Amino acid sequence: MGVRDTSQGQVALEALAKRFGPVKAIDDVSLRVGAGEFLALLGPSGSGKTTILMAIAGFEYPDEGRILIGGEDVTWAPPNRRNLGMVFQRYTLFPHMSVLENIAFPLKMRRIGRAEREERARAALETVRLGGMGDRRPSQLSGGQQQRVAIARAIVYQPRVLLMDEPLSALDKNLREEMQLEIKHLQQRIGITVVFVTHDQTEALTMADRVAVLDHGRLQQVGAPRDLYEAPETVFVAGFIGETNFCEGHLDYPAAAGEPVSVALDGGGRMSATAAQALPAGGRIKVALRPERLRVLPAGNGPAARVKEAIYAGNATTLMLEDEAGQRLRARIPAGGGLHEPRPGDHVRLSWQTADARAFAA
Amino acid sequence: MSRRPASFFLGGRRYSPAASLLLTAPFLLLVTFVFILPLAVLLRESLFVPEPTTAHYARAFAEPVYLRVMLRTLVIAVLVTALALVLAWPLALVMSRSRGLLLGLLAAAVLLPLWTSVLVRTYAWMVLLQRNGVLNQMLQGVGLTSAPVGFLYTQGAVVLAMAHVLLPFMVLPILSALRGIPEDLTRAAQMLGASSWSTFREVVWPLALPGVTSGCLMVFLLALGFFVTPALIGGPQQMMISTLVSQQVREMLDWPFAGALVGILLLFVLAIAVVFKRAVRLERFVGSA
Amino acid sequence: MSRPPAPNRAGRAALNAAAYAVTVFLLLPTIIIIPMSVGPERLLSFPPKGFSLRWYAEYFGDEDWIRATLFSAEAGVIAAICATTIGTMLALALVRGRLPGKGLVELLVIGPVIVPHIALAVAMFLVFEQLRLTGSLLGLAMAHTVLALPFVVFTVLAALYRFDAELERASLSCGAGPGSTFLHVTLPLIAPGLISAALFAFIISFDEAVVSFFISDLDRKTLPRKMFEDIDFNISPTLAAVATMLTALTIAALLIGYALKRGMERRARRTGT
Numbered sequence: 001m002g003v004r005d006t007s008q009g010q011v012a013l014e015a016l017a018k019r020f021g022p023v024k025a026i027d028d029v030s031l032r033v034g035a036g037e038f039l040a041l042l043g044p045s046g047s048g049k050t051t052i053l054m055a056i057a058g059f060e061y062p063d064e065g066r067i068l069i070g071g072e073d074v075t076w077a078p079p080n081r082r083n084l085g086m087v088f089q090r091y092t093l094f095p096h097m098s099v100l101e102n103i104a105f106p107l108k109m110r111r112i113g114r115a116e117r118e119e120r121a122r123a124a125l126e127t128v129r130l131g132g133m134g135d136r137r138p139s140q141l142s143g144g145q146q147q148r149v150a151i152a153r154a155i156v157y158q159p160r161v162l163l164m165d166e167p168l169s170a171l172d173k174n175l176r177e178e179m180q181l182e183i184k185h186l187q188q189r190i191g192i193t194v195v196f197v198t199h200d201q202t203e204a205l206t207m208a209d210r211v212a213v214l215d216h217g218r219l220q221q222v223g224a225p226r227d228l229y230e231a232p233e234t235v236f237v238a239g240f241i242g243e244t245n246f247c248e249g250h251l252d253y254p255a256a257a258g259e260p261v262s263v264a265l266d267g268g269g270r271m272s273a274t275a276a277q278a279l280p281a282g283g284r285i286k287v288a289l290r291p292e293r294l295r296v297l298p299a300g301n302g303p304a305a306r307v308k309e310a311i312y313a314g315n316a317t318t319l320m321l322e323d324e325a326g327q328r329l330r331a332r333i334p335a336g337g338g339l340h341e342p343r344p345g346d347h348v349r350l351s352w353q354t355a356d357a358r359a360f361a362a
Numbered sequence: 363m364s365r366r367p368a369s370f371f372l373g374g375r376r377y378s379p380a381a382s383l384l385l386t387a388p389f390l391l392l393v394t395f396v397f398i399l400p401l402a403v404l405l406r407e408s409l410f411v412p413e414p415t416t417a418h419y420a421r422a423f424a425e426p427v428y429l430r431v432m433l434r435t436l437v438i439a440v441l442v443t444a445l446a447l448v449l450a451w452p453l454a455l456v457m458s459r460s461r462g463l464l465l466g467l468l469a470a471a472v473l474l475p476l477w478t479s480v481l482v483r484t485y486a487w488m489v490l491l492q493r494n495g496v497l498n499q500m501l502q503g504v505g506l507t508s509a510p511v512g513f514l515y516t517q518g519a520v521v522l523a524m525a526h527v528l529l530p531f532m533v534l535p536i537l538s539a540l541r542g543i544p545e546d547l548t549r550a551a552q553m554l555g556a557s558s559w560s561t562f563r564e565v566v567w568p569l570a571l572p573g574v575t576s577g578c579l580m581v582f583l584l585a586l587g588f589f590v591t592p593a594l595i596g597g598p599q600q601m602m603i604s605t606l607v608s609q610q611v612r613e614m615l616d617w618p619f620a621g622a623l624v625g626i627l628l629l630f631v632l633a634i635a636v637v638f639k640r641a642v643r644l645e646r647f648v649g650s651a
Numbered sequence: 652m653s654r655p656p657a658p659n660r661a662g663r664a665a666l667n668a669a670a671y672a673v674t675v676f677l678l679l680p681t682i683i684i685i686p687m688s689v690g691p692e693r694l695l696s697f698p699p700k701g702f703s704l705r706w707y708a709e710y711f712g713d714e715d716w717i718r719a720t721l722f723s724a725e726a727g728v729i730a731a732i733c734a735t736t737i738g739t740m741l742a743l744a745l746v747r748g749r750l751p752g753k754g755l756v757e758l759l760v761i762g763p764v765i766v767p768h769i770a771l772a773v774a775m776f777l778v779f780e781q782l783r784l785t786g787s788l789l790g791l792a793m794a795h796t797v798l799a800l801p802f803v804v805f806t807v808l809a810a811l812y813r814f815d816a817e818l819e820r821a822s823l824s825c826g827a828g829p830g831s832t833f834l835h836v837t838l839p840l841i842a843p844g845l846i847s848a849a850l851f852a853f854i855i856s857f858d859e860a861v862v863s864f865f866i867s868d869l870d871r872k873t874l875p876r877k878m879f880e881d882i883d884f885n886i887s888p889t890l891a892a893v894a895t896m897l898t899a900l901t902i903a904a905l906l907i908g909y910a911l912k913r914g915m916e917r918r919a920r921r922t923g924t
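Taken in sequence, the protein lines are chains A, B and C. Residue numbers 1 to 362, in the numbering used here, belong to the letters of the first sequence in order. Residue numbers 363 to 651, in the numbering used here, belong to the letters of the second sequence in order. Residue numbers 652 to 924, in the numbering used here, belong to the letters of the third sequence in order.
It is worth saying that the hints were derived from the structure and are not from the lab. Among the hints, erroneous ones may be present.
Chain C stretches covered by chain B per the calculated footprint, using a threshold of three residues with CB under 8 angstroms from any CB of chain B [what the hints assert, rightly or not]:
hint: 1; region: 710-724
hint: 2; region: 762-775
hint: 3; region: 787-799
One side of the interface only, derived from the structure: several residues of chain C facing chain B at Cβ under 7 angstroms [said to hold, decoys possible]:
hint: 4; residue: 669
hint: 5; residue: 749
hint: 6; residue: 750
Computed from a prediction, not measured in an experiment: that's the story for all the values here. No residue lacks a Cβ here, since even glycine has one placed at the ideal position from N, Cα and C.
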């Protein structure tokens, strides 16, 4: 079992590329998923995340590159011979079969005897906490229950890897959050490798061990949720994950990644930041600064701004600010922290840690 | 496993051209043998028997008897189409606004005739219209007429019976076009100040027009080549092109001339079908069955 | 609830009246045959002067009628099976396939509807006569298969469009091969469509008058040909009995077809497609 876990559950994509007409759906993507790892493919629609999943599943063939599962090249293998589990966006339970028949279906296709089939299907149903529902029709279950049955059907034959294509997008918000944790716990319990496609960054950050961010078919960054948020490597990732203020300007001298820099802003004034990547001299710069990392202090010495609007949202207040150069910024003040909470029209002073302002080549 | 596999059905995606062709082969074979070949043989008869000639076609236009038959066919087809449209419009409009049981009953009234044997319906009209038929019995009973009226074998009887037989083909496409008009659209038009007449003229009619065109073409095409009803209700007096073809084949055994008549009919029908290719949508009739 | 303004109301009432009148026009001729078929007299009259099943008895007692009915039924069953099989294969190729010359195939599908049946009937008569296929079950079944195919293809197409193709992917991901997927997933879910297609193919064949008028012969008549000749010859009340039974058959077929379609739609709705 241990041997199987380490070698069988690995997924490797090597220089994968796929075009649909002139559009590059996957553009030279290489990626490794370790056995037992939960990887989320995150990106806006059209970023290629679903196409990558479909190529792993065998529903699409790449134009270039290889797909290895457990070290075996499966690039051209038909989907039914890959021994992967898949959970689809819209449940896709077979409406003419009972819940138990649905779960037993992959076992039947593997020519497993009736008695064992039923026993294992019942066990899988217990795993997703639906014991006793086996005789119902899929249509008699709620959306969340249907999705759990779909998960049970995908894991009952102990596949090497479980693929999930936005499995929670059809559920309402509360149920979605509940299912996120449930799937995460289930994955940890049975130790299966999961590749999970989503366009919802909160979902990706909540569930995944590592997140692969994609845009226009290109892999932007792969990393743990914390790294993506704290240390985005590209402007796209900085803007896509969480909320960010962007200030544009230029740099007079070159800088290596990690060096503190002083960016000359377009509207005048300077901004201290940290180079997120190697920056050329004279190049256009975008500085990213998270709203909650921007401190708002009573007026005094330092960069000044005026509060245009204050939006109260219970757990925090968001301030819409405008500095002297006309640059608009957002700042978030958590509630209950006893922090200075200015009103619209107030003049304030801004402050931030140099490490929190990340400078990118624009 | 380094090559792209050429499997029959891959990954829930499309079949390969070879597989598609294999699935289509029985259809193509059957249609070639039972549809294309017979028509081709008959047309060859009309053009090459006894020698390559267009004489059979010329004859159809040269002799007044035949010219009259063809003209009558056109006139009857136009009249049937017009009558069917007038009858179908209110029914389709009311159906498009109905729900539940009423809609079910109205739909049954349209679908039952569509699927009832044409012979049964033609027979029913004969029973109604013949000399000692129901209509004459009633007219005499009321005292409106003293002697039986010969309704049968008149152009009016043929048009009425054919319009009845073909009416479902008019109702269904109009209904499907009307159903496609969102109710909010007519409400919006009225909110914007349109009267019910201008709502109809500016919104409903233009959007229903494709359905009306489709229905008219279908009825016209079917009426042109209709056989059973004109043969039984029209008789020799109201001979249409289809009954003339039948007569040439069964009584005169003049295959080349029958072939020429079929050729003329086919040319006419196909020309209309090709010109209005998009309007002749068969799904409309099947989808509602 | 206030009432609509008067002119609107009058217009609506007139429209409704017209629609109901057309409904009566559509149904009346067929319906009126039913009471007349149970009248006791040779001369058809309405309303019938009494009640008798003698014309039904005459039908069942007449070997000619029964033979024609059985012949038509045989041809209908064969045509229904062939048309459904061939039509389903074609519909699959049209929906799922990459078919060279797809437009031409589609044109051939509607061909038998556009081309007047009289043209087909005469043409088939000419060719079948030379091949000794007139009066044969084979020839008739083939002809009727072609006539029923358009309706089968469009019914099956509708069923395939309602079917959620993602279910096939789910089946493949479960390890089922293409064949098993079709057998265990696709076929059971489109089966109601296939059954109703077969049903209507049978009705089309059973009722078909023009082609069978030409290609059946005097010894082996179809039911419609027998009716055709009897109508032309004399309007006997036996025909009214036959017409009534044919109408009942159509109603039964329509009801079954409707029930099947409802079942399929409900299933499609429930799975949220």
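Tested hints:
1. 710-724: violated (count 0)
2. 762-775: holds (count 14)
3. 787-799: Result for this restraint: holds, n = 4.
4. 669: 4 angstroms, holds
5. 749: Constraint on residue 749 of chain C satisfied, holds at 5 angstroms.
6. 750: Holds: closest Cβ of chain B sits about 4 angstroms from residue 750 of chain C, inside 7 angstroms.
The structure is inconsistent with hint 1 alone, although it conforms to all the rest.
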